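J.: Listed below are the residues making up each chain.
There are 2 protein chains.
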Amino acid sequence: MPAPLVKESAVDVLVIGAGPAGLMAANALGRAGVNVRIIDKRPKKVAAGQADGIQPRIVEVFHSYGLGERLLREGCRLHMAAFYNPGPDGGIELTSRTRNISAATARFPFAMTLNQGAIESIFLDSMQEMDIDVDRPIVPSYLEISSSEVELKNPQSHAVKVLVLQHLGSEQEVEETEIVKAKYVIGADGAHSWVRKQFAITMDGEHTDYVWGVVDIIPDTDFPDIRNRCAIHSNNGSCMIIPREGDLVRLYLQLTDENLKMVTNPVTGKPDISLCNTEQLMEVAKKTFYPYRIDADGEIGWWTLYIIGQRVASQFSVDERVFIAGDACHTHSPKAGQGMNASMNDTHNLAWKLSHVLRGWADPSLLKTYEYERRRYAQDLINFDKIFARLFSNKPKTKDNVNGVTHEEFVEAFSKAGGFTSGIGIHYNESVLVNPTYQSLATKLIVGERMPPQPIIRVADSWPFELQDLLPADTRFKVLFFTGDYLEPVQREKVLALAESMSQPESFLQKFTPKGARSSDVFDLITIAASRKEEITYNDFPKILRPHWSRIYTDDIDFSGKFGGKAYASFGIDPQGAIIVVRPDQYVGMISPLDKVSELDDYFSSFMTRSVNL
Amino acid sequence: MPAPLVKESAVDVLVIGAGPAGLMAANALGRAGVNVRIIDKRPKKVAAGQADGIQPRIVEVFHSYGLGERLLREGCRLHMAAFYNPGPDGGIELTSRTRNISAATARFPFAMTLNQGAIESIFLDSMQEMDIDVDRPIVPSYLEISSSEVELKNPQSHAVKVLVLQHLGSEQEVEETEIVKAKYVIGADGAHSWVRKQFAITMDGEHTDYVWGVVDIIPDTDFPDIRNRCAIHSNNGSCMIIPREGDLVRLYLQLTDENLKMVTNPVTGKPDISLCNTEQLMEVAKKTFYPYRIDADGEIGWWTLYIIGQRVASQFSVDERVFIAGDACHTHSPKAGQGMNASMNDTHNLAWKLSHVLRGWADPSLLKTYEYERRRYAQDLINFDKIFARLFSNKPKTKDNVNGVTHEEFVEAFSKAGGFTSGIGIHYNESVLVNPTYQSLATKLIVGERMPPQPIIRVADSWPFELQDLLPADTRFKVLFFTGDYLEPVQREKVLALAESMSQPESFLQKFTPKGARSSDVFDLITIAASRKEEITYNDFPKILRPHWSRIYTDDIDFSGKFGGKAYASFGIDPQGAIIVVRPDQYVGMISPLDKVSELDDYFSSFMTRSVNL
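First to last, the protein sequences are chains A and B.
First residue of the first sequence? That's 1 in UniProt numbering, and the numbers climb one at a time after it.
First residue of the second sequence? That's 1 in UniProt numbering, and the numbers climb one at a time after it.
Next comes chain A alone, as it looks inside the complex (with noise of 0.2 Å):
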């Protein structure tokens, strides 16, 4: 073997690991140009199976990056949840159909599947654009935190010191040595996370006895849901069918009694892969599903088994300068298809944080929050699995098992669990970011939960745009001024003293612009009037609110009589009107009354840091 070659660099952020977290985090930095570097100990990306439950939230996250349109096309949507149940005699019947996907403001109210090798593609050739590639095969073999306070201090200091190692070519015995300075690191690196191990951060939580089998399939079946998402439950072991792309269908099927035995290694006591085969999930599954019939149509291509652990790790970060994110610090059940979701909920969290603090814009106590967000919501996620784990993979009640899950337990809990599935109801507590001060002056509009969709109109040029569509995951702060009707007096006065406060040296907007920069690289000023849109005119509003012609809407219903007109009452916001300031991962950090701009001031003083040159 060749002497090692040492060699040294330095990058901004260093992202352990491409998979969906890895690549979410990437790709956002990227957009933000931040110096950002991604390696991944695979020589390659993976190909199919694994991952693929896309949330409705994920998607409104994928549109916020410009990559929405694409996901929609490639995925395959479930907008039927089918319930099945033992019948009289033993074998199965349809008890009830019902909406998948019951979170009531979801723009996209459906949920879908995509292979993690077709998500990561998205993030690749979104990446490919800003020519950032995935550095591979390159393993992390040791990683030192600073333990300077300067140093640490400074969020312009590379505190991070990663040495790993790169395979040359294609012969793999010639390794490259290098030394990577960084100024942060995010571990995405998987369930068995290295970066998580340096640190020795504990996974809080427990294995399950329940073991699944997992099998891709195109299905020959007189199973008339096999469209559908099915919760089946049978005497036979329980079932969730999820379909996907094109003609392929997903089977979860819970082995139980002789079927576990079966794939249970004598020695170790435990659940062995090399003990499994497709025949007997296949047979597992034609008795899950009978009077139906159901066989594979071809080969099979992937199939799996595993048994569900539900855990949390004990940190997220260490001294904010590393972090870790996805399945490196939650691990759950898949079936309800919230995994690849959480983990690039994680980065998108993380990286807009990230760009503030690396800019100078943002105090880098900002960080703090990536922790104490999303652990709390990675906690919550494991309470609902156990839950859901627990309903799903036990046998139903019938005669003979009165103790077992009745379908209304079942379909209850399934609905009331809408709003987290869908990942529309995740909520953030309050926080430098949240503020719920004033949350009664928009009702319906929780502060530290993400901005719902609605329509409105341009007022240039009366063209319709989604509300969310104009919140894109750019780093900016967006500030949402809820004018009311502006042809009103008192509503035009309460606009021009706001313009007039928002020029003074000492208001956020000019405060929190660095020098040399123009406000709306911060700050995105959007204002929404609630007048009809054949009587305003945008250059009637303040210069200050109109940076360009577009930023100026109102609420009202566009000619197609279908889209608009709801904003004020959908939100709760009364005609006094109202501000809301929406982060730059779309959730809503607080709101104030129309008529005090130092509401805003105090908020972005809370974690902004004054102009710096850029």
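One or more hints might be untrue.
As the list claims (entries may be wrong) - Using C-beta positions, here's what the derived DEER-type ranges look like:
#1 A/G561 with B/D89: 33 to 41 Å
#2 B/L487 with A/E412: 25 to 33 Å
#3 B/K515 with A/M130: 48 to 56 Å
#4 A/D363 with B/S96: 47 to 55 Å
#5 A/M130 with B/T443: 52 to 60 Å
#6 A/E412 with B/S96: 49 to 57 Å
#7 B/N401 with A/D469: 41 to 49 Å
#8 B/T443 with A/G91: 42 to 50 Å
#9 A/G561 with B/N401: 19 to 27 Å
#10 A/S157 with B/R42: 55 to 63 Å
#11 A/V46 with B/Y142: 56 to 64 Å
#12 B/G117 with A/W302: 39 to 47 Å
#13 B/K45 with A/P593: 53 to 61 Å
I should point out that these hints are in silico values taken from the structure, not numbers from a laboratory.
Just so you know, these numbers come straight off a predicted model, no measurement behind them.
Each residue gets a CB set at the ideal place from its N, CA and C atoms; glycine is no exception.
Given chain A's structure and the hints, the job is docking chain B onto it.
T.: Just chain B now, kept in the frame of chain A:
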């Protein structure tokens, strides 16, 4: 000059001219798998300016080729129309604002603008995927149609010979002469069409006296409707404002009085572009906009001068072997934004017919319907244009000009023309392709007009689909079975009988499916029931109606409560059901009772040929 080389080549369809009409033809034929070649005499494609109006129907057409998303993403949308007239002090003032597009069934209820170069790029990129490039610069120099009756009768004969000259490389002197033998030729070579001249086809109609300047600017203005489509009638001439991509705006400025004199060549008495410049046009704009201020921000990229001519070619085809399309067969004023749309719709109409004839599926006489349908439309367009151009070019009615055009007169014409200018109301008269016998079975679905949009629900997975998306431009006839409520025994019986008839050898489905092909290669059968989505099951339907699980739909409201449930009502189909045949270009071809498959047999027999080997 070196001696010219002569080579020979053969192609099924030769398209001459790579503007919008030619590119639509080449792209559509390429998608249909036809051996097509497209040539253009210009060394490069047009960059900016020229045609840019995109009407609602053409957006639907682009969607049918899978190109609509990009068009919608890149184009500017015009929702609002504003009308200005002289106020009491002589300057213009806002008279009213109204919706720009009034066609009730438009799927995309707005006009659009996108420059011709961008439109062409959409086609070119689509063609690239099929390895079809525009051969350029290639100049046709001689064209001859065979005089052999035997050859002319056989659609597979290369009955047209075209001699073309290609300039090789950068050395313009080196020419290569080529004889292209084509089965069919499409002359999409513009207003001065060389192809048209080879057959001395006359253009019937006349020039008007109206002279207009056109200029693309980024405006610096206090005019409040600069981002709306505006019709300004001022005492200093009329102006049409057409907002465009980004901040660009196109102004159509009427030249009158001394401005008209200034651009008139004293010798010829005709307008002369060399006598005009941007300063003059901006002066006209300033007078027209008074009391509003208007200037161009930065340099003016494109401008021109034109006289309205309104003419239609006396024939659109020669021996159904050579066709002319687009500007080659109709010219009219650009302000109604019709030109590019009419041109693309010409070849959209022609391409599928050529595909069917070339495959041996249809009798060559089908090609007669191209001139029949499109020439009539062009005449209607010119008639409309005459009225619109007169109303718009004439002075407004004032105290001093009592014979002028009133605002009411203009707005009425504007609104009435909505169906026409949107492209939605285009109607093809009765022919082998348009059979209105059973019009009363679907009272609101006009035979000879395009199939309106309508959301329907896919039964297998409750996925809501836009019906138009199920009618792509894939050259197949779509047969829509509106079965009524399939849970009703009477309707179910009809459907079973229908399935039985269609399996008979004399049924259209068997008779016109070429040997060795599947019937779904020629006909796409789509079933649309009227049952609740929670209650019906896709695999209850006869197998012949579902070669794939995705072919069964129902008219029900989706889970969002926003889409669907109105198909039968909107189309005027009663619970007894009906069968609707939709042509490959999305026009309704015929309607039949649900229990009279023989009507379909007769319809298809009138132009299709009995199955041949593929």
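J.: State for each hint whether it applies.
T.: Right, here's what the structure says about each hint:
no.: 1; hint: A/G561 with B/D89: 33 to 41 Å; verdict: 37 Å, holds
no.: 2; hint: B/L487 with A/E412: 25 to 33 Å; verdict: 29 Å, holds
no.: 3; hint: B/K515 with A/M130: 48 to 56 Å; verdict: 53 Å, holds
no.: 4; hint: A/D363 with B/S96: 47 to 55 Å; verdict: 54 Å, holds
no.: 5; hint: A/M130 with B/T443: 52 to 60 Å; verdict: 55 Å, holds
no.: 6; hint: A/E412 with B/S96: 49 to 57 Å; verdict: 55 Å, holds
no.: 7; hint: B/N401 with A/D469: 41 to 49 Å; verdict: 47 Å, holds
no.: 8; hint: B/T443 with A/G91: 42 to 50 Å; verdict: 47 Å, holds
no.: 9; hint: A/G561 with B/N401: 19 to 27 Å; verdict: 38 Å, violated
no.: 10; hint: A/S157 with B/R42: 55 to 63 Å; verdict: 59 Å, holds
no.: 11; hint: A/V46 with B/Y142: 56 to 64 Å; verdict: 60 Å, holds
no.: 12; hint: B/G117 with A/W302: 39 to 47 Å; verdict: 46 Å, holds
no.: 13; hint: B/K45 with A/P593: 53 to 61 Å; verdict: 55 Å, holds
In this structure, the one hint that does not hold is number 9.
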